[in-house]
Amino acid sequence: MTEGYGRLLDTDIALLEAVRQAFMRDGTPLPDWREGAPEIQTFRDRVRRVLLPLVRPDELEAATRRVADALSGVGLLQPFLREQDVEEVYVRGGEVAVERDGRLERLGEMA
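Using our numbering, the first residue of the sequence shown is number 355, and each one after it goes up by one.
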């Protein structure tokens, strides 16, 4: 499986809840997945600030990406939408494949 893709970690569920609770308290809205880069970056920065005391420094960026994608994007599929060379994303029965340069790349079960 490609680096950076895959399931949420068990610890991510608790982190998701912590971020949701913090955002509910301060009224931070969740961006639409179609928002532009500046809005998404602002949202990621807010997620990072909530996670900072909860996550080891060496895990902060990866945890921020996973949690922000789960809350604002299309979850585990969000990284594929950021890749310029991905032409199509296919999901069937939890199995994911992407098309690059006309070739299908099976990534396995993601959910």
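Just so you know, the hints here were simulated from the structure itself, not pulled from any lab data. Be a bit skeptical, because a hint or two may be false.
Beta-carbon label-pair distances, calculated as ranges [stated by the list, open to error]:
id: 1; residue 1: Asp399; residue 2: Thr365; range: 19 to 25 Å
id: 2; residue 1: Val428; residue 2: Arg454; range: 14 to 20 Å
id: 3; residue 1: Arg457; residue 2: Met378; range: 39 to 45 Å
id: 4; residue 1: Gly447; residue 2: Glu413; range: 28 to 34 Å
Treat the numbers as computed from the prediction; the structure is a model and nothing was measured. Where is the CB? At the ideal position from N, CA and C, for every residue including glycine.
Quick rundown of the hints versus the structure:
no., hint, verdict
1, Asp399 / Thr365: 19 to 25 Å, "holds (21 Å)"
2, Val428 / Arg454: 14 to 20 Å, "holds (18 Å)"
3, Arg457 / Met378: 39 to 45 Å, "holds (44 Å)"
4, Gly447 / Glu413: 28 to 34 Å, "holds (31 Å)"
In summary, this structure violates none of the numbered hints.
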